[in-house]
Amino acid sequence: MKILKSAVAGTLESSDCMVTVEPGSNGIEFDLESAVIRQYGKQIRKVTLETLGRLGVRNAKVHMVDKGALDCTIKARVECACMRASEHEGRINWGGVIR
Amino acid sequence: MINAVGREIPDEILEITGKEPFQGNYYRDDVPMTKIGPTIRPVMNNQKSKLVANIREALIKCEAHDGMTVSFHHHFRDGDLIVNMVMKEIHDMGLKDITICATSLGKAHAPLVPMIEDGTITGIESSGVRGAIGEAISQGKLKKLAIMRSHGGRVRALTTGESHVDIAFIGAPTSDDYGNLRGIGGKADCGVLSYAIVDGNHADYCVAITDCLVPYPNFPAHIAQTKVDYVCVVDEIGIPSKIASGAAKPTTDQRKLLMAQYCTDVVVNTPWFKEGFSYQTGVGGASIASTQYLAEIMRERNIHMGFGVGGLTKAMCQLLDDGMARVLLDVQDFDLDAVKNLKNVNHHRIPAGVYANPLNKGAVVNKLDYVVLASLEVDVHFNCNVVVGSDGMITGAQGGHPDTAQGAKCAIVICPLMQGRIPAICTDVTTVTTPGESIDVVVTDYGVAVNPARPDILEALKAADCVPLKTIEELRDIAYSIVGKPEKVEFEDRVVGIIEARDGTIIDVVRQIKEI
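These protein sequence lines map, in sequence, to chains A and B. Residue 4 is where the first sequence starts when you use the working numbering, and the numbers rise one by one after that. Residue 3 is where the second sequence starts when you use the working numbering, and the numbers rise one by one after that.
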């Protein structure tokens, strides 16, 4: 999946995260701010990179502001932001890489 | 050395402080001890006026000096103006190396942070700290070890001389010109002066600060003229709307209401719920709701509370007014209803030492049947943490938590299984502030766990079949299955604070937070 423009998904509510995806040319540049970074920083990073990998996103700048979201929320927000930023423009091809 | 709750207390810290590691709740029971008194200046001269023009004059007359300890009380809560007012004057006089011995410090005291950074303040002793000061301590900005002790523990430390206060500053809603102080009346009405009474007894100098000077004698005095050296009248000692910051709106949060229901079910199905039972509860939404549920059952079964104690709220005062509680014993008022309720002749003020000092001849907490508490974290050993956030930052206060938990026959902690992503029920708390041996029941939104040390309570709850019983390990496992197992928070080696157990032994240390 190719990131063509910048797009956002999620909110800054407690237990959610806001993900901003932008086109990049230098692999995945992931930048994280999190209320629970000391306890879950590594896990959030792992889930985000796995999700991007599954979507086939190779180059992107990804900025996440996390307010204690669970893994399932993080996956959903990352998927959504990427879909919006890609040629799919939010028209999601359910059942493929989106699970 | 490893203490009785399994925490490593570095030898170096034991050496610097001269304290022992925590040995269990009853280590100092029945052990003889000597009380230490202050050095005072008698006032025999009947021409002497105690009135001073301003804080500066009070400081000079009280021989303010580098390295001294000054004390404050927190009855004005987030509306307190006294601490900042006095410390600004001390700072402007260029005094250094000051220790603050406060009953608690909160968000109102953020202006102290620059004074910590410039060496004016090098020591803090408190029940805890919230806000910017907590962060400053966790970041290692305070030169000396911060000492966190419970309300009862603070009285103990002053009576044994572990802490010595050079000058106590007591904000008084009303005072006369000879230092008879009352917690009620005036512009900054906080109801009681319970936490400050020990300062009057143990500080060398005692300065009353008031914004409402009344004719002599201001009686009945809550702190007597015989304890007070000087009286200083200022424009404002507190912001009334922020004094009652504990005023809780009835909660509609279903999770809290569920926990409130479980908590009440635990109370009414254990053997101490009978005519004349005693009870303390907190100010959180679940605690207040559970008091209301409890009141319904008390009416149904015609059971009356013998006494209620603690920081008081409208919900507890309602029980007194309705004739459902015989007596209230008051150390702090969380809302204006509680302040107003002091008019009830059965609503009595008690000093902090009577409430909770572990080393007197028996404090009120020893007579408690039930206490309902909250906690940031509870671990599988039932240890509680109410001071250090799960991210390692100092953010709360012990208050009366360790005192009441030890004293009560049945200590119940209400704690949601998760706070956002943070599992509140965990393998090991970040910092132990109340030992697991004091905690009997943990109520969460996913079930209730009973400390295996209390088979009597477990049997009673099983027989009543009133709440979903789980082991504490099961609760932790549910939490971890939802949020994932947290990484261990990383700290520097440097110890920035100690957590004292009630008796003055060290129950845990707080280390400097690692920058990320």
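Calculated directly from the structure, the hints in this document are not laboratory data. What you are looking at is a predicted structure, and each value in this text was computed from that prediction instead of being measured. Think of the CB as a built atom: it goes at the ideal place given N, C-alpha and C, for glycine as much as any other residue. Honestly, I wouldn't trust all of these hints.
[Claimed, not checked] In silico PhoX-like cross-links for lysine-lysine, where the CA-CA straight-line distance does not exceed 25 Å: (1) A:78 with B:316; (2) B:345 with B:316; (3) A:49 with A:8; (4) B:342 with B:251; (5) A:70 with B:109; (6) B:90 with B:109; (7) A:49 with B:411; (8) A:70 with B:52; (9) A:49 with B:490; (10) A:70 with B:258; (11) B:464 with B:258; (12) B:63 with B:109; (13) A:49 with B:487; (14) B:487 with A:70; (15) B:258 with B:411; (16) B:90 with B:52; (17) B:52 with B:146; (18) A:5 with A:78; (19) B:472 with B:258; (20) B:490 with A:45; (21) B:363 with B:37; (22) B:146 with B:21; (23) B:146 with B:109; (24) A:78 with B:490; (25) A:70 with B:516; (26) A:45 with B:516; (27) B:109 with A:45; (28) B:90 with B:63; (29) B:146 with B:189; (30) B:37 with B:21; (31) A:49 with A:70.
[Unchecked claim] Between beta-carbon pairs, the in silico distance windows are: (32) B:116 with A:44: 45 to 55 Å; (33) B:494 with A:34: 19 to 29 Å; (34) A:48 with B:18: 13 to 23 Å; (35) A:34 with B:145: 44 to 54 Å; (36) A:59 with B:251: 33 to 43 Å; (37) B:146 with A:34: 30 to 40 Å; (38) B:482 with A:61: 28 to 38 Å; (39) B:116 with A:27: 52 to 62 Å; (40) A:29 with B:393: 23 to 33 Å.
Which of the numbered hints are not met once you compare them with the structure shown? 1, 7, 8, 12, 17, 27, 29, 32, 34, 35, 36 and 39
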